[in-house]
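Visitor: Start from the sequences and build out the full structure, keeping to the hints where you can.
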Amino acid sequence: MSLNEIDSEKQNDSLNEIDSEKQNDSLNEIDSEKQNDIKKQTEHIFNICEKPVMNFISHFLSETTNILFKDDVPTFSEPLIIKPISDFDKDKVIVFQLKAFENINEYNINR
Amino acid sequence: MNIILIDDIMSVIEYTEIKEAIGFLFYAVKNVYGPIVSETLINNKPMLNNILELDDNNWVFYPKYVNNTTLKINFLKQSIENIHSLKKENKDNKPFLDNLYEEYIKINSILIKIEEDTDFLENEIKNDIEINENYTDKPVIGIIFNLINQNEIKQFLSNI
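Order-wise, the sequence lines are chains A and B. Under my numbering, residue 185 is the last one in the first sequence; the count climbs by one each step, no gaps. Under my numbering, residue 354 is the last one in the second sequence; the count climbs by one each step, no gaps.
Treat each hint with caution, since some may be false.
List of simulated lysine-lysine pairs, PhoX-like, C-alpha gap at most 20 Å [as the list claims (entries may be wrong)]:
1) B/Lys332 x B/Lys348
2) B/Lys213 x A/Lys164
3) B/Lys281 x B/Lys307
4) B/Lys239 x B/Lys266
5) B/Lys239 x B/Lys258
6) B/Lys348 x A/Lys157
7) B/Lys224 x A/Lys173
8) A/Lys166 x B/Lys348
9) B/Lys320 x B/Lys258
10) B/Lys266 x B/Lys300
11) A/Lys114 x B/Lys224
12) A/Lys157 x B/Lys213
13) B/Lys213 x A/Lys166
14) B/Lys224 x A/Lys164
15) B/Lys239 x B/Lys332
16) B/Lys271 x B/Lys300
17) B/Lys281 x A/Lys173
18) B/Lys213 x A/Lys173
19) B/Lys258 x A/Lys173
20) A/Lys144 x B/Lys348
21) B/Lys224 x A/Lys113
22) B/Lys258 x B/Lys348
23) B/Lys258 x B/Lys224
24) B/Lys285 x B/Lys307
25) A/Lys96 x A/Lys108
Simulated from the structure, these hints should not be mistaken for lab results.
Guide: Right, here's the structure in full:
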């Protein structure tokens, strides 16, 4: 093997290493982006549902939430807001909220 | 429920955006309910046999009692579905597919064994129906619906 050939092999090796490092970096970036998205979505669904679900369980078991759970019930339950539907009413947003009720009659009266 | 609200709901219920929103709430409740139930401090976790079902005509989640065997069957069927999805996503990864296939064989054999005992299952389901007949006065999680003018949304949110 000539010196030139050895040089060229070395260069190729180091280029491959750089490529592989770059690939790993971009894979890690994608992973971390994915993880962030999952974390954000999990927080979002918990913000919407945690309070009503904890209250529902409390009603169902007829126990106070401080006996049932280590954590306090959140004071706020995030609404799900839908942008105006142009075919329906372009000026109005649609807001959904979840709420626990003692029974179906209470829900029908209050909703 | 008041008539104006019924009219409002009926006027939007067929829109795809509304269906997607209800679908998202269904997904959210299902995914939050399990972890919260498993974290309750009461021993023997009494809520484990009570799942939440969506009545999509009335926009309400109501509790439904489900026996342990049916819960197990549902879990195994879900696992098989997950395996099918993973199989599609990793069709070029042979070692992974081999492991998946082994898992599938295990899960499917457990499922077949459980479903073989039809008498036992029928009794369990009959028992579920009796319990659920007494659930008509149980708590529910309702979906509250409001139509708000765009310029009033900030005020509405500050009052929640």
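Visitor: Give a verdict on every hint.
Guide: Verification of the hints:
1. For the suggested pair B/Lys332 and B/Lys348, the alpha carbons sit about 34 Å apart, so the restraint of at most 20 Å is broken.
2. For the proposed pair B/Lys213 and A/Lys164, the alpha carbon gap of about 18 Å is at most 20 Å, so the pair holds.
3. Note on B/Lys281 and B/Lys307: the hinted pairing is violated, with a Cα-Cα distance of about 24 Å set against a maximum of 20 Å.
4. For the proposed pair B/Lys239 and B/Lys266, the alpha carbon gap of about 16 Å is at most 20 Å, so the pair holds.
5. A hinted pair counts as satisfied when its Cα atoms are at most 20 Å apart, and B/Lys239 with B/Lys258 qualifies at roughly 15 Å.
6. Only pairs whose Cα atoms come within 20 Å are accepted, and B/Lys348 paired with A/Lys157 is accepted, the gap being roughly 14 Å.
7. In summary, the hint linking B/Lys224 to A/Lys173 is supported, as the alpha carbons are separated by about 15 Å, within the 20 Å threshold.
8. Between A/Lys166 and B/Lys348 the alpha-carbon distance is near 13 Å, which keeps this suggested pair within the 20 Å criterion.
9. The suggested pairing of B/Lys320 with B/Lys258 holds, with an alpha-carbon distance near 13 Å, which does not exceed 20 Å.
10. About 14 Å separates the Cα atoms of B/Lys266 and B/Lys300, which keeps this hinted pair within 20 Å; it holds.
11. Simply put, A/Lys114 and B/Lys224 have alpha-carbon atoms about 17 Å apart, close enough for the 20 Å limit, and the pair holds.
12. This hinted pair checks out: A/Lys157 and B/Lys213 have alpha carbons roughly 14 Å apart, not beyond 20 Å.
13. Between B/Lys213 and A/Lys166, the direct Cα distance comes to roughly 17 Å. Compliance with the 20 Å bound is thereby established for this hinted pair.
14. Of the supplied pair hints, the one linking B/Lys224 and A/Lys164 is violated, its CA atoms being roughly 32 Å apart against a limit of 20 Å.
15. With a CA separation close to 18 Å, the supplied pair B/Lys239 and B/Lys332 stays within the 20 Å bound.
16. A hinted pair counts as satisfied when its Cα atoms are at most 20 Å apart, and B/Lys271 with B/Lys300 qualifies at roughly 12 Å.
17. Taken as a hint, the B/Lys281 and A/Lys173 pair is broken in the structure, with Cα atoms around 39 Å apart against an allowance of 20 Å.
18. The hinted pair formed by B/Lys213 and A/Lys173 meets the criterion: a straight-line CA distance of about 19 Å does not exceed 20 Å.
19. Proposed proximity of B/Lys258 and A/Lys173 is supported: the alpha carbons are some 18 Å apart, at most 20 Å.
20. Among the hinted pairs, A/Lys144 with B/Lys348 is inconsistent with the structure: their alpha-carbon atoms are about 33 Å apart, more than 20 Å.
21. Straight-line distance between C-alpha atoms of B/Lys224 and A/Lys113 comes to about 17 Å, which keeps the hinted pair within the 20 Å bound.
22. A C-alpha spacing of about 37 Å is found between B/Lys258 and B/Lys348, which places the hinted pair above 20 Å, so the restraint is violated.
23. A C-alpha spacing of about 13 Å is found between B/Lys258 and B/Lys224, which places the hinted pair at or below 20 Å, so the restraint holds.
24. About 29 Å separates the Cα atoms of B/Lys285 and B/Lys307, which puts this hinted pair outside 20 Å; it is violated.
25. The straight-line distance between the Cα atoms of A/Lys96 and A/Lys108 is roughly 18 Å, inside the 20 Å bound, and the hint therefore holds.
Of the numbered hints listed earlier, those contradicted by the structure are 1, 3, 14, 17, 20, 22 and 24.
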